[in-house]
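Since chain Y is already given, all that's left is putting chain P on it; use the hints.
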Amino acid sequence: MTYFSFTKGELLTLLRRKQDTMNALIFFLMVVILFPLGVSPSPEFLSVAAGGIIWCAASLAILMSVEGMFKEDFNDGCLEQWLVSGLSLPVLILLKVSIHWLIVIVPLLIMAPILAQMLFLPMDIFYVLLQTLILGTPALFLIGTIGSALTVSLRHGAVLMLLIIIPFYLPVIIFSTGAIRAAQSGMLYDGQIAILAAISLASLVVSPIMSAISIKASVS
Amino acid sequence: MHSSISLNISNLWIERGERYLCKDMSFSLSGGDICKINGENGAGKSTLLKIIVGILSPLEGTVYYNGEDVSIHRDLLHQDVLYLGHNSAIKSVFSVAENLRWYFPNASDEAIAYALSVVSLSGYEETPSSQLSAGQKRRITLARLWLTDKPLWLLDEPFTALDVQGVSSLEKRMRDHISNGGLIILTTHQDIDASLNVKEINLTL
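Taken in order, these protein sequences are the chains called Y and P. Residues in the first sequence are numbered from 1 upward in steps of one, following the UniProt record's numbering. Residues in the second sequence are numbered from 1 upward in steps of one, following the UniProt record's numbering.
One should not assume that every hint holds.
[Claimed, not checked] As a list, the in silico DSSO-like pairs of lysine-lysine whose alpha-carbon atoms are at most 30 angstroms apart:
no.	chain 1	residue 1	chain 2	residue 2
1	P	Lys172	Y	Lys216
2	Y	Lys216	P	Lys23
3	Y	Lys8	Y	Lys216
4	P	Lys172	P	Lys36
5	P	Lys150	P	Lys172
6	Y	Lys71	Y	Lys18
7	Y	Lys8	P	Lys137
8	Y	Lys216	Y	Lys18
9	Y	Lys216	P	Lys36
10	Y	Lys8	Y	Lys18
11	Y	Lys8	P	Lys150
12	P	Lys150	Y	Lys216
13	P	Lys172	P	Lys137
14	Y	Lys18	P	Lys137
15	P	Lys150	Y	Lys71
16	P	Lys23	P	Lys199
17	P	Lys172	P	Lys199
18	Y	Lys71	Y	Lys216
19	P	Lys36	P	Lys199
20	Y	Lys71	P	Lys199
21	P	Lys199	P	Lys150
22	P	Lys137	P	Lys36
23	P	Lys23	P	Lys36
24	Y	Lys8	Y	Lys71
Simulated from the structure, these hints should not be mistaken for lab results.
This is chain Y alone, in the form it adopts within the complex (with noise of 0.2 angstroms):
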C-alpha cells in the first residue's frame, strides 16, 4: 500500500457509497428548506437567521457524515492493515478526512448560492458565509474524527460521539455566525474569520495524533 493508492482507495469508495454523503446533503437541504417552513418565512427574519440556520445544518450533515468514518475500515480488517502498512497512521487519517471534506463540502458550496438566495441573504453577506464555511468546516471534520476514531469499536457509539463532540464545535459555530452577524451590522469580521483559521490549524496538527491514537487503542 502507499499513499497514493490508499488516497484513490478512499476516493473511489466514497464515490461508490454515494448514498453515505447523499444522505448528509440530503439532510442538509431538508433542514434549510424546512426550516422556514416551521418558523417564519419572512425575509427580514430570514436574511438575519440565514447564517445561523446553513451553520447548524452543515454542522448536523458533517456530524453524519464523520460519525462513521472509520467503521467499515475497523469490521473488514482494514484499519489493522493501516496499523502494519509501515506509512504513517496520521497521514493516512489525514488523507481519509480531506477527501471526506472534499466530496461532502463542495456540493454543499455549490448548494450554498441556491440557498442564500431563497433565504434572502443579501450577495455581499454571501461571501462571507461561504469564507466561513470554507475555513470553519475543515475543523467540524478533523475535530469530528477523533470522536470517531474514539468510538469506532463501540457498537453503538454514536450517541458518544455526539456528547464527546458537540462542544467542541460550539467555537467554530460561534465565531461563522458571529462573522456574518458582524457583517450584516456592517462591523468588520476578520477577527471571527482570523480565529476561524486557526481553529481549523490547530485541528490539522492535532487531530491526525489524536486519531491515530484513539484508533490504536480502539484496534488493540
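Just chain P, lined up with the frame of chain Y:
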C-alpha cells in the same frame, strides 16, 4: 533472496482479562524458518501474532526484529511484514483486482491474474467483492502472498477456506518463501506438510 532476518521473543507475558495466555515465553526464529503456533480456540494464538506485529502490547517482555526492539522501532518491522489477520481486510466496494491493486499498486495485470488463478479466483477480476462469499474473500486475502516481496509473513489461519489444491499451492508458496530466506509464523489447526520442517509453539488454556 531476502537478506538475513531474525525475530526474537524475549520473556513475553500475555494477559487477557484475569488469565495469562503465556508466561515468560521466549523463542528465536530466523530466515528460512516456519513456526506454527498451536493451541485450542481462545488459547491466544491470534493475540500472540498481533503482539509480534505490534498491534497489541504484551504485559511484559520484548519482541526483537533484526535485533531492534519492535515497541521502539516498529517501522523497521512494518516495512518487512505481511500480516494476514483473522478478518479479510477486503473492501466490499472494490472489485477483486482493485482490492489487490490497493495493496500492491505496482503489480502488473499478469501478476494479479496469476495470484488469483492460484487461489481459484480466475475470471473474478472485475467482480465486486461484495458479491463474493466469505471463503472467496479470504482467498483474495491469500492471493496477496503471491504478490508480496516482504520477508516476514504472519498468517492467522491461512488454510481456512482453501480446498485441497489451494492448500497444496499455499504450502508450495511457503516452501519457496522460506527457501528464499523468508520467515513465516502462522496459526492453524491443520497439519502442515512435514517436509517444511515446521517449528511448533504450544499455547495452552
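Tested hints:
Proposed proximity of P:Lys172 and Y:Lys216 is contradicted: the alpha carbons are some 35 angstroms apart, above 30 angstroms. Taking the CA atoms of Y:Lys216 and P:Lys23, the gap is about 25 angstroms. The hint holds against a cut of 30 angstroms. Simply put, Y:Lys8 and Y:Lys216 have alpha-carbon atoms about 23 angstroms apart, close enough for the 30 angstroms limit, and the pair holds. Among the hinted pairs, P:Lys172 with P:Lys36 is consistent with the structure: their alpha-carbon atoms are about 16 angstroms apart, no more than 30 angstroms.
Proximity of P:Lys150 to P:Lys172 is assessed by CA-CA distance (about 17 angstroms); at most 30 angstroms being required, the pair is judged to hold. About 16 angstroms separates the Cα atoms of Y:Lys71 and Y:Lys18, which keeps this hinted pair within 30 angstroms; it holds. Among the hinted pairs, Y:Lys8 with P:Lys137 is consistent with the structure: their alpha-carbon atoms are about 21 angstroms apart, no more than 30 angstroms. A distance of roughly 28 angstroms separates the Cα atoms of Y:Lys216 and Y:Lys18; the hinted pair therefore holds under the 30 angstroms criterion.
Taken as a hint, the Y:Lys216 and P:Lys36 pair is honoured in the structure, with Cα atoms around 27 angstroms apart against an allowance of 30 angstroms. For a cut-off of 30 angstroms, the pair hint linking Y:Lys8 to Y:Lys18 stands: about 16 angstroms separates their Cα positions. Between Y:Lys8 and P:Lys150, the direct Cα distance comes to roughly 23 angstroms. Compliance with the 30 angstroms bound is thereby established for this hinted pair. Using a Cα cut-off of 30 angstroms, the hinted pair P:Lys150 and Y:Lys216 holds, with the two alpha carbons roughly 23 angstroms apart.
For the hint linking P:Lys172 to P:Lys137, the alpha-carbon distance of about 21 angstroms falls within 30 angstroms, and the restraint holds. With a CA separation close to 23 angstroms, the supplied pair Y:Lys18 and P:Lys137 stays within the 30 angstroms bound. For the suggested pair P:Lys150 and Y:Lys71, the alpha carbons sit about 28 angstroms apart, so the restraint of at most 30 angstroms is met. For the suggested pair P:Lys23 and P:Lys199, the alpha carbons sit about 19 angstroms apart, so the restraint of at most 30 angstroms is met.
In summary, the hint linking P:Lys172 to P:Lys199 is supported, as the alpha carbons are separated by about 17 angstroms, within the 30 angstroms threshold. The hinted pair formed by Y:Lys71 and Y:Lys216 meets the criterion: a straight-line CA distance of about 14 angstroms does not exceed 30 angstroms. Taken as a hint, the P:Lys36 and P:Lys199 pair is honoured in the structure, with Cα atoms around 6 angstroms apart against an allowance of 30 angstroms. For the hint pairing Y:Lys71 with P:Lys199, the CA-to-CA distance comes to about 37 angstroms; that exceeds 30 angstroms, so the pair is violated.
Proximity of P:Lys199 to P:Lys150 is assessed by CA-CA distance (about 21 angstroms); at most 30 angstroms being required, the pair is judged to hold. Annotation: proposed proximity of P:Lys137 to P:Lys36 holds, straight-line Cα distance about 23 angstroms (limit 30 angstroms). Distance hint between P:Lys23 and P:Lys36 is fulfilled; the C-alpha atoms sit about 18 angstroms from each other, no more than 30 angstroms. Simply put, Y:Lys8 and Y:Lys71 have alpha-carbon atoms about 19 angstroms apart, close enough for the 30 angstroms limit, and the pair holds.
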